[in-house]
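**Q** So the chains spell out like this:
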Amino acid sequence: MTIVEELERAGLTGRGGAAFSTAIKVRAAHDNDADLVVNACDGEVGARKDAWVVEHHLAELVEGARLVTSGRRDRVTYAAHRGSRTADLLTRAGLEVLDVPARYVSSEETAILSLLHGGLAKPMTKRLPFVYGGRDSLGKRIAPTVVLNAETVWRVSQVRRNGPDWFRRFGTDTEPGPRLVSVGGAVAHPGIFEVGSGVPIRDLLDAAGGLEPRVPALLVGGLGGVLLTTDEAATTAWSGPGMAAYGGSMGAGVIEALDPTRCPLDVVTDLVTYGAGESAGQCGPCMFGLPAVAESWAELARDPNQQTLDRLQDRLGVIPGRGACHHPDGVTRFVGSALRVLMPHIHEHVAGPCPLGRSRHAVH
Amino acid sequence: MTGQTLWFISRATGTVSLILFTTIVVLGMVIAGRRAPHGDSATIVMGLHRWLSLGSLAFLALHIVTAIADGYVSVGWLSTILPFTSVYRTFWVGLGTLAVDILLAVVVTSYLRHRMPERSWKAIHWLSYAMWPFALIHGFAMGTASEPLLRWLTVLCGAAGAAAVAWRLRTTHADRERRALVNFQEWS
Amino acid sequence: MPSTDREVGVRIAVDRVLCTGHGVCARTLPGRIRLDEWGYPIVEAVAVDPVDADLAVKLCPARALYLR
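Chains as they are written, first to last, in the numbering used here: chain A, 1 to 364; chain B, 365 to 552; chain C, 553 to 620.
Since the hints were made in silico from the structure, they are not lab data.
All of these numbers come straight from a predicted model, not from anything done at the bench.
Any given hint could turn out to be false.
Not close to chain A: a few residues of chain C, all C-beta gaps over 10 Å, as computed [claimed, not checked]:
| no. | residue |
| --- | --- |
| 1 | Pro582 |
| 2 | Ala597 |
| 3 | Asp601 |
| 4 | Val603 |
| 5 | Asp604 |
| 6 | Leu607 |
Lysine-lysine pairs mimicking BS3-like chemistry, simulated, CA-CA at most 30 Å apart [said to hold, decoys possible]:
| no. | chain 1 | residue 1 | chain 2 | residue 2 |
| --- | --- | --- | --- | --- |
| 7 | A | Lys126 | A | Lys140 |
| 8 | A | Lys140 | C | Lys610 |
| 9 | A | Lys126 | C | Lys610 |
Note that CB positions come from ideal geometry on N, CA and C, so glycine has one too.
Model the full assembly from the supplied sequences, consistent with the hints where possible.
**A** Structure (structure tokens):
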């Protein structure tokens with residue numbers, strides 16, 4: 001059986017967030033004689049699993065890359081954030097490392113491809129997948145290249161070694177295989193956990209030693225994910241359908257419990273301000289829309305009123321789907337979910353001072 | 365047609381071409397340098413820029429054909445495409461030829477814009493900033509000596525173009541400023 | 553003028569990196585494209601009459617509008 005057939009039978013999907021069929025990507029890579037980039041950036045807020053794979057399963061990672069590129073090691077580049085321990089480990093292993101600026105959108109696959117081809121680490125308009133080769137917006141040639149997340153490449157070697165049937169013993173029929181989750185924030189023992197789709201999120205939190213008291217909400221999927229209330233998290237399965245009920249997904253496998261000592265509105269302000277600042281300044285709706293969303297949110301946190309709420313919702317409504325990459329979609333999705341989850345808390349702000357906001361006026 | 369008539373037609377169409385080029389170049393600068401909250405005026409400016417460019421070719425063609433057919437002076441067909449080959453006033457005719465070459469390149473690439481890399485199109489389009497003064501000087505040196513009206517028209521074209529360039533160098537808009545600001549950050 | 557319920561035609565898209573917010577497409581494809589508060593296009597209907605689309609594509613100063 002070829003590796004593509006094995007991946008097809010295993011049903012492996014990308015672990016970087018998009019959850020696209022790895023078999024299809026690898027087949028396209030073979031058909032187009034594409035180079036491979038292994039994305040080990042851990043670009044999502046709270047993500048640490050790529051670092052974990054590099055630290056604990058480097059040999060299998062390299063083996064997976066070899067399988068994807070039909071044994072041609074010179075076709076593989078490992079992308080990691082500049083100055084990160086991951087970049088250091090990869091370099092010391094003698095691998096070809098692409099130093100990616102340690103920022104949010106630079107970890108996106110087309111931004112990595114742009115950087116790899118001598119351009120800036122900014123996302124490109126994807127008229128066709130770059131596994132077929134293509135051009136950036138200004139016409140620069142991009143050679144056929146496939147970008148796979150580090151965990152995905154590691155799983156490729158596992159599928160070869162243990163077989164598709166082993167792989168399908170984990171998870172569900174539609175979302176098979178083991179997958180990594182980084183659980184962090186206000187939990188007793190933050191860590192990386194390996195589970196199958198369908199496991200209750202409560203089990204994941206228990207594995208991390210449980211939530212600290214009075215955690216106001218959980219951030220699932222980072223800046224491109226959604227907020228959940230602790231009650232929702234306690235009754236929801238870690239699965240695509242489970243998360244879809246809240247407009248989210250399993251994404252890059254990140255669960256963060258928000259700091260119980262800070263007003264969650266302020267936490268969201270910080271996150272959305274960070275997200276706005278991470279715009280690559282290429283697409284109007286992102287470079288102007290996200291700062292406007294951040295401003296509206298901050299205003300709402302400071303002085304909640306209907307007019308500000310309406311303006312925020314209008315802005316959230318028009319921005320998604322209008323960037324070269326999905327950064328604006330992710331940030332607006334996150335803010336939309338924050339609005340839903342924190343609405344009761346916003347009402348508490350209308351009534352009086354923040355009940356949680358011990359550090360509300362602290363400088364951070 | 366007598367040589368005299370041809371000479372008049374050539375001068376007239378040359379003058380009209382120059383006025384059109386000036387207008388087209390100024391409109392181009394307006395497109396690049398300005399953003400309005402609604403697209404209404406930009407649409408008119410862009411439409412004019414595009415269609416005047418096409419229309420100007422008719423005047424330019426007539427200008428060239430009549431100048432050569434005139435026969436009073438020796439310019440030669442080769443000089444329509446190869447600069448500085450005219451026996452008659454080699455340098456000043458040559459500037460006109462250069463302007464024609466650039467103009468053709470700019471027009472052809474604009475029609476093929478969707479089939480070529482954007483940065484190639486842009487590089488060639490920037491040559492318009494050379495085309496326009498070449499045409500201006502060519503016209504001023506060759507066609508206006510005995511005609512104060514034409515001389516003043518040419519000077520007016522020069523002044524309008526220069527003012528537009530000065531405006532274009534100083535003007536900015538939100539889209540450009542934000543891109544520049546973000547580009548200043550670490551991206552490679 | 554395109555009728556708003558017409559679903560046949562070519563499919564338009566905007567290259568968001570090339571788009572610098574001239575706003576011309578909102579005039580060349582009224583009812584199909586409108587501008588947001590910052591002047592950038594919102595594509596409200598992807599399917600467009602081929603003749604209208606052709607003109608709109610030609611008149612986009614940034615070459616950002618394209619047919620899919």
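**Q** Against the 30 Å threshold, does the CA-CA distance of Lys126(A) and Lys140(A) hold or violate the hint?
**A** Holds, at about 13 Å.
**Q** If I take the minimum Cβ distance from Asp601(C) to any residue of chain A, is it greater than 10 Å?
**A** holds, 22 Å
**Q** Take a quick look at whether Lys126(A) and Lys610(C) sit within 30 Å of each other, Cα to Cα.
**A** holds, 21 Å
**Q** Lys140(A) and Lys610(C) were given as a pair; does the straight-line alpha-carbon distance stay at or below 30 Å?
**A** At roughly 22 Å apart (the allowed maximum being 30 Å), Lys610(C) and Lys140(A) satisfy the hint.
**Q** Taking the shortest Cβ-to-Cβ distance between Val603(C) and chain A, state whether it exceeds 10 Å.
**A** holds, 23 Å
**Q** Regarding the assertion that Leu607(C) does not contact chain A, is the least Cβ-Cβ distance greater than 10 Å?
**A** holds, 21 Å
**Q** Taking the minimum C-beta separation from Asp604(C) to chain A, is that value above 10 Å?
**A** holds, 21 Å
**Q** Just double-check Pro582(C) for me: nearest Cβ-Cβ distance to chain A has to come out over 10 Å.
**A** holds, 18 Å
**Q** Looking at Ala597(C) again, its CB stays over 10 Å from all of chain A?
**A** holds, 14 Å
The structure is consistent with each of the numbered hints, conforming to all of them.
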